[in-house]
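Engineer: Produce the complete structure using the sequences and hints provided.
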Amino acid sequence: MSGAVTTFLRSSIGRKQLIAVSGLLLCGFLVAHLAGNVLLLVGSDAFNIYAYKLHQLGPLLYVAEAGLVALFGGHLALAMKLTWENKVARGQKYYVKNRTGRGETIMSATMPYTGLIILVFLVLHIIQFKYGPYYSTEVDGVMMRDLYKTVIEYFASPLNTAWYVVAMFAAAVHTSHGFASSFQSFGWNHPKWMPGVKSIGVIYAIAVGGGFALITILLHVKGA
Amino acid sequence: MSDANMVIYLKVWRQANGAAEGKFVDYKVDTVSPDMSFLEMFDVLNNELVKKGEDPIAFDHDCREGICGMCSMMINGKAHGGQLNTTTCQLHMRKFKSGDSIVVEPWRSRAFPLVKDLAVDRSAFDKIIQAGGYVSASTGNAPDANANLIPKTIADIAMDAAACIGCGACVASCPNGSAMLFMGAKISQLAVLPQGEPESAKRTLNMVKTHDELLFGNCTNHAECVATCPKGISMEHIARMNREYTKATFSYFEPKNAGGAG
Ligand code: HEM
Ligand code: FES
Numbered sequence: 001m002s003g004a005v006t007t008f009l010r011s012s013i014g015r016k017q018l019i020a021v022s023g024l025l026l027c028g029f030l031v032a033h034l035a036g037n038v039l040l041l042v043g044s045d046a047f048n049i050y051a052y053k054l055h056q057l058g059p060l061l062y063v064a065e066a067g068l069v070a071l072f073g074g075h076l077a078l079a080m081k082l083t084w085e086n087k088v089a090r091g092q093k094y095y096v097k098n099r100t101g102r103g104e105t106i107m108s109a110t111m112p113y114t115g116l117i118i119l120v121f122l123v124l125h126i127i128q129f130k131y132g133p134y135y136s137t138e139v140d141g142v143m144m145r146d147l148y149k150t151v152i153e154y155f156a157s158p159l160n161t162a163w164y165v166v167a168m169f170a171a172a173v174h175t176s177h178g179f180a181s182s183f184q185s186f187g188w189n190h191p192k193w194m195p196g197v198k199s200i201g202v203i204y205a206i207a208v209g210g211g212f213a214l215i216t217i218l219l220h221v222k223g224a
Numbered sequence: 001m002s003d004a005n006m007v008i009y010l011k012v013w014r015q016a017n018g019a020a021e022g023k024f025v026d027y028k029v030d031t032v033s034p035d036m037s038f039l040e041m042f043d044v045l046n047n048e049l050v051k052k053g054e055d056p057i058a059f060d061h062d063c064r065e066g067i068c069g070m071c072s073m074m075i076n077g078k079a080h081g082g083q084l085n086t087t088t089c090q091l092h093m094r095k096f097k098s099g100d101s102i103v104v105e106p107w108r109s110r111a112f113p114l115v116k117d118l119a120v121d122r123s124a125f126d127k128i129i130q131a132g133g134y135v136s137a138s139t140g141n142a143p144d145a146n147a148n149l150i151p152k153t154i155a156d157i158a159m160d161a162a163a164c165i166g167c168g169a170c171v172a173s174c175p176n177g178s179a180m181l182f183m184g185a186k187i188s189q190l191a192v193l194p195q196g197e198p199e200s201a202k203r204t205l206n207m208v209k210t211h212d213e214l215l216f217g218n219c220t221n222h223a224e225c226v227a228t229c230p231k232g233i234s235m236e237h238i239a240r241m242n243r244e245y246t247k248a249t250f251s252y253f254e255p256k257n258a259g260g261a262g
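Read top to bottom, the protein sequences are chains A and B. The numbering used here numbers the first residue of the first sequence as 1 and each following residue consecutively. The numbering used here numbers the first residue of the second sequence as 1 and each following residue consecutively.
Here are the simulated BS3-like cross-link-like pairs (lysine-lysine), alpha carbons at most 25 Å apart as the crow flies:
id: 1; chain 1: B; residue 1: Lys11; chain 2: A; residue 2: Lys93
id: 2; chain 1: A; residue 1: Lys97; chain 2: B; residue 2: Lys95
id: 3; chain 1: B; residue 1: Lys97; chain 2: A; residue 2: Lys97
id: 4; chain 1: B; residue 1: Lys11; chain 2: A; residue 2: Lys97
id: 5; chain 1: A; residue 1: Lys192; chain 2: B; residue 2: Lys152
id: 6; chain 1: B; residue 1: Lys116; chain 2: B; residue 2: Lys127
id: 7; chain 1: B; residue 1: Lys28; chain 2: A; residue 2: Lys97
id: 8; chain 1: B; residue 1: Lys116; chain 2: A; residue 2: Lys97
id: 9; chain 1: B; residue 1: Lys209; chain 2: A; residue 2: Lys87
id: 10; chain 1: A; residue 1: Lys87; chain 2: B; residue 2: Lys23
id: 11; chain 1: A; residue 1: Lys81; chain 2: B; residue 2: Lys209
id: 12; chain 1: B; residue 1: Lys247; chain 2: A; residue 2: Lys192
id: 13; chain 1: B; residue 1: Lys97; chain 2: B; residue 2: Lys28
id: 14; chain 1: A; residue 1: Lys97; chain 2: B; residue 2: Lys231
Simulated from the structure, these hints should not be mistaken for lab results.
Structural biologist: Pasting the structure below:
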């Protein structure tokens, strides 16, 4: 049995399905993250208490963080290997590169690039907030980190806000192909359902990418 | 035959063999009839080259009626010229204008080494088939047509997949040089039928293993293959292969004790 699993994990299709699982789980994470961000619009206390409660989870939070690192790391490593192997498999380049217009889209063609933008974003994002300026505040007699202030300060800059909007655009482009693509990778392509899955993917991409971007713009307006 | 001749400017990839340096050579063909197929234009050009004592352009072709899959050519960056559901031999010169410049390149893929000029070696496809793309049960004489009842919808799925002529346009146009549309079709055409289903797990495992070993790329669901497939094979066959593969991984095993009868 273990031999079969190893073969699967090394095979083209197995690795693709791992990229798909991790990609879909990351899509789920983005929804949860976005829901948390909505609290930024509710007010400083609501957001700070939310962040405080997350930290109160203690070991559970570490487990969740480790899970996210594994998801991102796995997705990334497999995706980079895939991109590299596919480049090699293509062989000598065509003199004239011309698509039919019926297959490849800008979304599908730019997966590695939008993925890299997300990666750069992710590293900076963690440095800017998690390890960013530390302020304290007291809410209902409890001392806690004023993460809200860190966020508002950051988005006061139009440049920072613009960069976040660009990164979220990249995430939207990435998931607009990725969401439906992962269903195909699992083999869940049914003539009855696939058009619906594709639409949901696009709606997801616009809602999540647009949602994050909108919140940063609103925070910029609020903080500037 | 229409009598108005067209003038076509060709830029064709010439390469003596796989190890040689290749380059584009420009040709002018001024006796092209709009009723000719793209290959017939090459026949005209090759006749002229032979008359001049030059080496004719090597290109693969056989049936010239869209069923053998030999006529591999990348025409202006599109496999078989990019016309929907059309092989190069079925592409007519009336689709072009007199005075057009056309670039013709061989299929490019690491798994399809170049033989000469526009001809490439597609025996990697044969190796994938040899790895399991068949039914090994002895079936005896042709059975009565109604002995195996197969719903029309299922028969149609199998037939759609079986339409694959193994031309390699999917590999040639795939940004990743993947053969998964070809392989998906070959797995699918057997997996849905009662004759092929029993061996599906082993077949899928072996064919995918061989595909990977032959250094074909991996599918990233662009569907550029589907867009250029002269037989309109669909992504659903790749999906069926994907789920057959997952299923096979977790269910297939080689029986340890053969026999035991007596
Ligand atoms: C929040 C972050 C991310 C999400 C939600 C996400 C989501 C997805 C999904 C759903 C897929 C489709 C899988 C499939 O078709 O089988 C995918 C594929 C891919 N991702 Fe990501 N991804 C994220 C981050 C990244 C990062 C950081 C990279 C990195 C470098 C990356 C690179 C790729 C590549 C190259 C593919 C394969 C392209 C393809 O199969 O067409 N992704 N991603
Ligand atoms: S020559 Fe047979 S398909 Fe074109």
